[in-house]
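**Student:** Take a look at the letters that make up each chain.
There are 6 protein chains.
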Amino acid sequence: MSDRFEKGMNILKITNKETIEEMFDELEDIAPDLGRFVVEFPYSEIYTRDGLDLKTRELITVAVLTALGTASTQLEHHINAALNVGNSPKEVVEAIIQMSAYAGFPAAINGITIAKSLFKEKGLLPVK
Amino acid sequence: MSDRFEKGMNILKITNKETIEEMFDELEDIAPDLGRFVVEFPYSEIYTRDGLDLKTRELITVAVLTALGTASTQLEHHINAALNVGNSPKEVVEAIIQMSAYAGFPAAINGITIAKSLFKEKGLLPVK
Amino acid sequence: MSDRFEKGMNILKITNKETIEEMFDELEDIAPDLGRFVVEFPYSEIYTRDGLDLKTRELITVAVLTALGTASTQLEHHINAALNVGNSPKEVVEAIIQMSAYAGFPAAINGITIAKSLFKEKGLLPVK
Amino acid sequence: MSDRFEKGMNILKITNKETIEEMFDELEDIAPDLGRFVVEFPYSEIYTRDGLDLKTRELITVAVLTALGTASTQLEHHINAALNVGNSPKEVVEAIIQMSAYAGFPAAINGITIAKSLFKEKGLLPVK
Amino acid sequence: MSDRFEKGMNILKITNKETIEEMFDELEDIAPDLGRFVVEFPYSEIYTRDGLDLKTRELITVAVLTALGTASTQLEHHINAALNVGNSPKEVVEAIIQMSAYAGFPAAINGITIAKSLFKEKGLLPVK
Amino acid sequence: MSDRFEKGMNILKITNKETIEEMFDELEDIAPDLGRFVVEFPYSEIYTRDGLDLKTRELITVAVLTALGTASTQLEHHINAALNVGNSPKEVVEAIIQMSAYAGFPAAINGITIAKSLFKEKGLLPVK
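For the record, the sequence lines run as chains A, B, C, D, E and F.
Under numbering that gives the first Met the number 0, think of the first position of the first sequence as 0, with each following residue one higher.
Under numbering that gives the first Met the number 0, think of the first position of the second sequence as 0, with each following residue one higher.
Under numbering that gives the first Met the number 0, think of the first position of the third sequence as 0, with each following residue one higher.
Under numbering that gives the first Met the number 0, think of the first position of the fourth sequence as 0, with each following residue one higher.
Under numbering that gives the first Met the number 0, think of the first position of the fifth sequence as 0, with each following residue one higher.
Under numbering that gives the first Met the number 0, think of the first position of the sixth sequence as 0, with each following residue one higher.
Bound conformation, chain A alone (with noise of 0.2 Å):
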């Protein structure tokens, strides 16, 4: 395991705990190279950089995934990272209202959706 693996899982460990694994077994047996890119480049090399903390990298991720609206997996655990690393809901539920002006109401729309199935089943609805 290399150095830049091991800082990029320490990132990683912080941010998606609950849904690493489950990345490296849908890759395992295809494209394993492809998550130890996932934890090398952007976890081991952009995450850990300062000038931006987690929270804030987390809630832009957030609302990228919103406005590209074409990775629904990846914005619901993004979603759950942007949480996990301090995020409330409502800030959430905010990076995610303010993609209307920039990508359209649909966009903003399915993005709440998409964090309101993950707040229900974590029990944080509603969002005040």
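Any given hint might turn out to be false.
DMTMM-like, lysine to aspartate or glutamate: derived pairs with alpha carbons at most 25 Å apart [to be verified]:
{"no.": "1", "chain 1": "A", "residue 1": "Lys121", "chain 2": "E", "residue 2": "Asp49"}
{"no.": "2", "chain 1": "F", "residue 1": "Lys6", "chain 2": "A", "residue 2": "Asp24"}
{"no.": "3", "chain 1": "D", "residue 1": "Lys54", "chain 2": "C", "residue 2": "Asp52"}
{"no.": "4", "chain 1": "E", "residue 1": "Lys119", "chain 2": "F", "residue 2": "Asp52"}
{"no.": "5", "chain 1": "B", "residue 1": "Lys89", "chain 2": "C", "residue 2": "Asp52"}
{"no.": "6", "chain 1": "E", "residue 1": "Lys12", "chain 2": "E", "residue 2": "Glu25"}
{"no.": "7", "chain 1": "F", "residue 1": "Lys119", "chain 2": "C", "residue 2": "Asp28"}
{"no.": "8", "chain 1": "A", "residue 1": "Lys89", "chain 2": "B", "residue 2": "Asp32"}
{"no.": "9", "chain 1": "C", "residue 1": "Lys127", "chain 2": "E", "residue 2": "Asp24"}
{"no.": "10", "chain 1": "F", "residue 1": "Lys12", "chain 2": "F", "residue 2": "Asp52"}
{"no.": "11", "chain 1": "F", "residue 1": "Lys12", "chain 2": "F", "residue 2": "Asp32"}
{"no.": "12", "chain 1": "C", "residue 1": "Lys119", "chain 2": "E", "residue 2": "Glu20"}
{"no.": "13", "chain 1": "F", "residue 1": "Lys54", "chain 2": "F", "residue 2": "Glu75"}
{"no.": "14", "chain 1": "C", "residue 1": "Lys6", "chain 2": "C", "residue 2": "Glu17"}
{"no.": "15", "chain 1": "E", "residue 1": "Lys119", "chain 2": "F", "residue 2": "Glu21"}
{"no.": "16", "chain 1": "D", "residue 1": "Lys121", "chain 2": "A", "residue 2": "Asp24"}
{"no.": "17", "chain 1": "C", "residue 1": "Lys119", "chain 2": "E", "residue 2": "Asp49"}
{"no.": "18", "chain 1": "E", "residue 1": "Lys121", "chain 2": "F", "residue 2": "Glu25"}
{"no.": "19", "chain 1": "C", "residue 1": "Lys54", "chain 2": "D", "residue 2": "Asp32"}
{"no.": "20", "chain 1": "D", "residue 1": "Lys54", "chain 2": "D", "residue 2": "Glu27"}
{"no.": "21", "chain 1": "D", "residue 1": "Lys12", "chain 2": "D", "residue 2": "Glu75"}
No wet-lab data here; the hints were simulated from the structure.
Starting from the structure of chain A, add chains B, C, D, E and F where the hints point.
**Tutor:** Just chains B, C, D, E and F now, kept in the frame of chain A:
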């Protein structure tokens, strides 16, 4: 209830009478203001404007959501709305087919699949 | 010259008479078949179809290219085409403004900027 | 049946023999011409062109649909087609992984998930 | 002037004081209502909401416009706004770099190029 | 200089020898690590992988950047890279034309326009 809200609701009762409560229910305990924004901005301020009638506006929305390919639920709702304001099933189909030239064949085929599911439910098949 | 090519050219002479030669010149020494495909597929097979008239089809295309935001030259050509087949400047503007709700404000503003440049050149400002 | 249709069907029988009837059935009572366009334009006029063989063309399509992230059914069909025309499972996986650099990790992971589902069904796992 | 307009203008005077007149001038003789909508909806109703401060909201917008890659003028304006509300050049750069993982390297590099042009003009280079 | 950096630079000297310094210069005083990431991740870890050769990988990248339509500078660089690793101008053109079926005609035409500008500069027109 503000005038803007009421004005938007008057449009939604014409365009989306079957699905409007569904959207409010979905957003109620997580982001009720997003529902209010949908009513007060696009429906109250855009769909009510002079220059294009509701029939043309809803057809445009069907085309755009087909091309973007990221909002299947909303595309179904807007196909329904397009029918509600006077578009024929054939006009809806034509707007979707046209997207093959601007967003590719997969986008157009996926739009047709969504239209077909709704048309089937409403007894509108086959489209002549 | 095939029948399909001739049929498409008959549409292009109506919709894009100012820019059609430009496209052929651009493609001539690198991908002339792509120009032929544009004539033979969208213009010959889609824009000629029953169910939607050219005026509505070109307005839809203006909306979609505004929403996608990746084809400014083609958006300008289709705004011109939309005018050529009977849309008023106001109808074009309305279709673009509507995109703010489905693709965000930057997309709509960029569409208006492209329309404005063309309208200015054609002496169509201000739009009432 | 036109020559163009027949020419396109000859390619589809090679690339998509398992799914071609499914597409025609889907479109039959709503937009049969869209099915005809798929045969007559991309399959008859593009996939038959000199300059790139079917193996490379299908691999490119797999990469592009992975990057766009809006057409999971068609991505699965084109992964199948890519295998049918001589790409190895590993080549398909490599094209998808490469998309992480141009469309982000979620797009690449979603592409792999679709490939995995098909490879599993076809007994092609693990990919070496 | 409505209360909503005034409320939005109060935000814009903080975030975009250098470019706000430019937007109104651009839209004035073609789509003045679109300018009003920008003030009355995102700035009056979203940027004023509790839950996220302006500093975080503008950073999110910088990230999203970088990822979408279709609005370079607005990205430059929002980078400027992000600085105006307290983000350091380094925070802006970090938000843009992070997009390489979700929208690919070209999107991130293009975002940096736009930031660099603005930072140069404002004497903010090199970024430490 | 890490082994990973060196490994990536060895690829870039083959694929992008004309433009690599330009990218480093652009990023130097604002986001030098982003340049390092480009070398260490896609070029060192993806383009060096078994399973697809550089010729195929660069052609795929040309196709994808054409389809996305948001990275014209990088598309030009990758067209150049595609030629540098053995693709003929015709192969590049074919990959771009194919995108008309998956991302629409405007995307394909814009890709051709970028290719044409580079081919002209390099004396590669007309393409046979």
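**Student:** Give a verdict on every hint.
**Tutor:** Quick rundown of the hints versus the structure:
1. A:Lys121 <-> E:Asp49: OK: Lys121 (chain A) and Asp49 (chain E) at ~23 Å, within 25 Å.
2. F:Lys6 <-> A:Asp24: Judged against 25 Å, a Cα distance of about 29 Å means the pair is violated.
3. D:Lys54 <-> C:Asp52: Roughly 40 Å separates the two Cα atoms, so the pair is violated.
4. E:Lys119 <-> F:Asp52: violated, 40 Å
5. B:Lys89 <-> C:Asp52: Holds, at roughly 12 Å.
6. E:Lys12 <-> E:Glu25: Answer holds: Lys12 (chain E) to Glu25 (chain E) is near 18 Å, not above 25 Å.
7. F:Lys119 <-> C:Asp28: Since the Cα atoms of Lys119 (chain F) and Asp28 (chain C) sit roughly 10 Å apart, the hinted pair holds (cutoff 25 Å).
8. A:Lys89 <-> B:Asp32: Given pair Lys89 (chain A), Asp32 (chain B) holds - Cα atoms ~12 Å apart, limit 25 Å.
9. C:Lys127 <-> E:Asp24: holds, 16 Å
10. F:Lys12 <-> F:Asp52: holds, 16 Å
11. F:Lys12 <-> F:Asp32: With Cα atoms ~19 Å apart, Lys12 (chain F) and Asp32 (chain F) stay inside 25 Å; holds.
12. C:Lys119 <-> E:Glu20: Cα-Cα ~20 Å, so holds.
13. F:Lys54 <-> F:Glu75: holds, 16 Å
14. C:Lys6 <-> C:Glu17: holds, 18 Å
15. E:Lys119 <-> F:Glu21: Between Lys119 (chain E) and Glu21 (chain F) the Cα gap is close to 17 Å, so the pair holds against 25 Å.
16. D:Lys121 <-> A:Asp24: holds, 19 Å
17. C:Lys119 <-> E:Asp49: Violated - the C-alpha atoms of Asp49 (chain E) and Lys119 (chain C) are around 42 Å apart, more than 25 Å.
18. E:Lys121 <-> F:Glu25: OK: Lys121 (chain E) and Glu25 (chain F) at ~17 Å, within 25 Å.
19. C:Lys54 <-> D:Asp32: Answer holds: Lys54 (chain C) to Asp32 (chain D) is near 22 Å, not above 25 Å.
20. D:Lys54 <-> D:Glu27: Between Lys54 (chain D) and Glu27 (chain D) the Cα gap is close to 29 Å, so the pair fails against 25 Å, i.e. violated.
21. D:Lys12 <-> D:Glu75: holds, 16 Å
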